[in-house]
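There are 2 protein chains.
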Amino acid sequence: MRAYDIIYKKREGQNLNKDELEFLINGYVEGDIPDYQMSAWAMAVYFQGMDAEETANLTMLMAESGDMIDLSPIEGIKVDKHSTGGVGDTTTLVLAPLVASAGIPVAKMSGRGLGHTGGTIDKLESIPSFNTSLARDKFFDNVNQHGIAVVGQTGNLTPADKKLYALRDVTATVESIPLIASSIMSKKLAGGADAIVLDVKVGNGAFMKNFDSAKKLAEAMVAIGKEVGRDTRAYITDMNQPLGNAVGNALEVKEAIKTLKGEGPEDLTELCIELGAGMLQLAGKITDIEEGKKILRENLQNGKALDKFSEMISAQGGNAKVIEDLSLLPIAESTFEVKAEKDGYISEIKALDVGLSAMILGAGRENKESVIDLAAGLEIKKKFAAPVNKGDTLAVLHYNECDNIEEAKEKLLRAFTITEEKKDKNQLIYEIIK
Amino acid sequence: MRAYDIIYKKREGQNLNKDELEFLINGYVEGDIPDYQMSAWAMAVYFQGMDAEETANLTMLMAESGDMIDLSPIEGIKVDKHSTGGVGDTTTLVLAPLVASAGIPVAKMSGRGLGHTGGTIDKLESIPSFNTSLARDKFFDNVNQHGIAVVGQTGNLTPADKKLYALRDVTATVESIPLIASSIMSKKLAGGADAIVLDVKVGNGAFMKNFDSAKKLAEAMVAIGKEVGRDTRAYITDMNQPLGNAVGNALEVKEAIKTLKGEGPEDLTELCIELGAGMLQLAGKITDIEEGKKILRENLQNGKALDKFSEMISAQGGNAKVIEDLSLLPIAESTFEVKAEKDGYISEIKALDVGLSAMILGAGRENKESVIDLAAGLEIKKKFAAPVNKGDTLAVLHYNECDNIEEAKEKLLRAFTITEEKKDKNQLIYEIIK
Numbered sequence: 045m046r047a048y049d050i051i052y053k054k055r056e057g058q059n060l061n062k063d064e065l066e067f068l069i070n071g072y073v074e075g076d077i078p079d080y081q082m083s084a085w086a087m088a089v090y091f092q093g094m095d096a097e098e099t100a101n102l103t104m105l106m107a108e109s110g111d112m113i114d115l116s117p118i119e120g121i122k123v124d125k126h127s128t129g130g131v132g133d134t135t136t137l138v139l140a141p142l143v144a145s146a147g148i149p150v151a152k153m154s155g156r157g158l159g160h161t162g163g164t165i166d167k168l169e170s171i172p173s174f175n176t177s178l179a180r181d182k183f184f185d186n187v188n189q190h191g192i193a194v195v196g197q198t199g200n201l202t203p204a205d206k207k208l209y210a211l212r213d214v215t216a217t218v219e220s221i222p223l224i225a226s227s228i229m230s231k232k233l234a235g236g237a238d239a240i241v242l243d244v245k246v247g248n249g250a251f252m253k254n255f256d257s258a259k260k261l262a263e264a265m266v267a268i269g270k271e272v273g274r275d276t277r278a279y280i281t282d283m284n285q286p287l288g289n290a291v292g293n294a295l296e297v298k299e300a301i302k303t304l305k306g307e308g309p310e311d312l313t314e315l316c317i318e319l320g321a322g323m324l325q326l327a328g329k330i331t332d333i334e335e336g337k338k339i340l341r342e343n344l345q346n347g348k349a350l351d352k353f354s355e356m357i358s359a360q361g362g363n364a365k366v367i368e369d370l371s372l373l374p375i376a377e378s379t380f381e382v383k384a385e386k387d388g389y390i391s392e393i394k395a396l397d398v399g400l401s402a403m404i405l406g407a408g409r410e411n412k413e414s415v416i417d418l419a420a421g422l423e424i425k426k427k428f429a430a431p432v433n434k435g436d437t438l439a440v441l442h443y444n445e446c447d448n449i450e451e452a453k454e455k456l457l458r459a460f461t462i463t464e465e466k467k468d469k470n471q472l473i474y475e476i477i478k
Numbered sequence: 045m046r047a048y049d050i051i052y053k054k055r056e057g058q059n060l061n062k063d064e065l066e067f068l069i070n071g072y073v074e075g076d077i078p079d080y081q082m083s084a085w086a087m088a089v090y091f092q093g094m095d096a097e098e099t100a101n102l103t104m105l106m107a108e109s110g111d112m113i114d115l116s117p118i119e120g121i122k123v124d125k126h127s128t129g130g131v132g133d134t135t136t137l138v139l140a141p142l143v144a145s146a147g148i149p150v151a152k153m154s155g156r157g158l159g160h161t162g163g164t165i166d167k168l169e170s171i172p173s174f175n176t177s178l179a180r181d182k183f184f185d186n187v188n189q190h191g192i193a194v195v196g197q198t199g200n201l202t203p204a205d206k207k208l209y210a211l212r213d214v215t216a217t218v219e220s221i222p223l224i225a226s227s228i229m230s231k232k233l234a235g236g237a238d239a240i241v242l243d244v245k246v247g248n249g250a251f252m253k254n255f256d257s258a259k260k261l262a263e264a265m266v267a268i269g270k271e272v273g274r275d276t277r278a279y280i281t282d283m284n285q286p287l288g289n290a291v292g293n294a295l296e297v298k299e300a301i302k303t304l305k306g307e308g309p310e311d312l313t314e315l316c317i318e319l320g321a322g323m324l325q326l327a328g329k330i331t332d333i334e335e336g337k338k339i340l341r342e343n344l345q346n347g348k349a350l351d352k353f354s355e356m357i358s359a360q361g362g363n364a365k366v367i368e369d370l371s372l373l374p375i376a377e378s379t380f381e382v383k384a385e386k387d388g389y390i391s392e393i394k395a396l397d398v399g400l401s402a403m404i405l406g407a408g409r410e411n412k413e414s415v416i417d418l419a420a421g422l423e424i425k426k427k428f429a430a431p432v433n434k435g436d437t438l439a440v441l442h443y444n445e446c447d448n449i450e451e452a453k454e455k456l457l458r459a460f461t462i463t464e465e466k467k468d469k470n471q472l473i474y475e476i477i478k
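Sequences listed follow chains W and L, in order.
Offset between the first sequence (1-based) and my numbering: plus 44.
Offset between the second sequence (1-based) and my numbering: plus 44.
Just to be clear, a hint being listed does not mean it is correct.
Where chains are identical, the list cannot tell them apart; a pair therefore holds if satisfied intra-copy or between any two copies.
Stated by the list, open to error - As a list, the in silico BS3-like pairs of lysine-lysine whose alpha-carbon atoms are at most 25 Å apart: (1) 425 <-> 466; (2) 348 <-> 253; (3) 469 <-> 434; (4) 427 <-> 206.
In short, the hints are calculated from the structure, not lab data.
Chain W extracted, bound-state conformation (with noise of 0.2 Å):
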């Protein structure tokens, strides 16, 4: 078998089996086949596609690159939850105490924020004292005991995927659905879930722009899920807007321990509401879907998901008192208010600007070597179809040390439209794929 071959069948809209996906895959991480044979191979795939079962094939090669974790240690259905990444997303800060609430187990690895997008380890670790870094054996034990952890990926997880992702970073080979989706879902089958909901985000703040294209992936997922017989779900959500109003480490925490008290942003709340009964119900919990979400709007109100979240933070170390006490998050020295240099209504928020800006004050990495600043970051004020009038506060930014504070305050700023017309929100969650 020669790469060149394996490069042509592609090129010429061929499919390639199991056998010629694990020579290029193996070959690739071995290092026996070289970068520019596996660029073109990716290229060659970004026009020609994949089909269900190649996608499968190539997602299970690469999940079984490096570690496969075994979560059978833990009892019960694992169902994880992955986003294709926003702006402020606090999701899963608030989806794994809620469905942990509600009895199905949660072992959560996350990753870090890069550029725009936020990560779920760097949000813990602005909770004081707290550990993101349990050992194996003692991140199973925390789920046994107290049925939540989350914590960072540790071990050598798909680096076939690791590899690949890198070169087409560079290639512009990034923006292929079967790629993204083998990539995205390898991660999750080398994490060991039984069961997959995917909230794959689509709009001006997201990876994916349009509904198609966002569809696309979607479908493309719950395919693999099919052919590797792991139960997934997929749900296309809104991300014209950031989610909820914080963006920002320490804020998204505490935008989250509200949101478990059940006063947190509509958006949110609704999109972890039904996200958290996809996975109850996935987990076997539940058969009806709206019984799933009474449970869980329940366990906000009467305190079980906040108690959880405070369960969880001690299990790892962290000072829980930070849910009573807000003021013992980061907070950060300066803060300034945009604001709304006219009177109407909101009829855009760019969410990506919105991203960026958070970034320039600090809350984001511009690249791996970045160090971040937990504190940093924004508060919306008026969301979409808000109306405001001239000189009402549009967001709040939190900063320390800035060097382009003014580039963030402008850029913010921008990323508001104001219309004399008000204009119908979008929709939270556009279609559920299954």
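Chain L: place on chain W using the hints.
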């Protein structure tokens, strides 16, 4: 400027401007742009193509990446000729002395053979003592004095093309019309030609298997010529059977001598007359193409073309007596006659298999390091549409030591298809693009 953005732009089907191509090509030659970005770009070009201006810019950049030969010390309009390569393509050996005999200067740099296609330099080296590596001054002197010189490529010609072609060869990105066109034309431009005649071969023994792709390649090269101010004409010619009867180095020299005496195979003779007349016209020697053909036919009959070949051989240190005494050429120890297994008509000769059979006999190189046997090769005795009886000789193999003689015999026998019905011959010249 970043290579990433250039790849992305091409992937999206946009045209690259000259600055972008310059950044890419110069960066690649200098080692600043890695192979993996270049191969992804090449695959994007495979799918998205390049327009005439892009292709011309790429061609000039590759030509200018190394030495640019200045043929101005040679008087007159220098017309170069290039064939895209076929089996038994003896054309240059005949054409060079033929057009020189009509008074236009021939300053030709040729290559060596690879795989099933032969190279003029190898063929000439089967003439005892013939020197194909003249110094630049001597090369020019010979052309000025004798009107002709044929030498191997020297100097650092088109390093960008060399590097890019080697990469394309292992990344399944060779078969892109604009990349093939710019590769060929960059070499011609670096070689200093004022005008160019292209022989674009099409058929089972050619690089281009069908007329449409051959025509596209021809049009792309003529368009480059137009963009860069070199009068260029492309002949789309048949390569569904070997050209002439001989395949192999000394055997083709023998055939060339016969053809220059006016006793050569009909197809080879006709092609040389056609291409030669085109060269005379581009050189401004004639206006009416029929007049050119008449002159060339006369020079085959009156001995002028043969004399010119003799003069060239002597001027390049070779033994011109070969012209009178063909036994001075290398002769193989053994011959074998491949015979027809049934009666009928030749309805197909797979030129590629004929070329591969000759390669197995020792006439061609499997890779650049292979040593070739100048005496080895084969002679076709029955060409397309010829009637045959069982037992007739289809071809004669010539070989010295050969490890796989049975494979060569079998491949050659299977290259011939004999059917009861007689099929119509293909045209020799399908179309002329100018």
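Could you work out which earlier hints the structure fails to respect and list their numbers in ascending sequence?
2, 4
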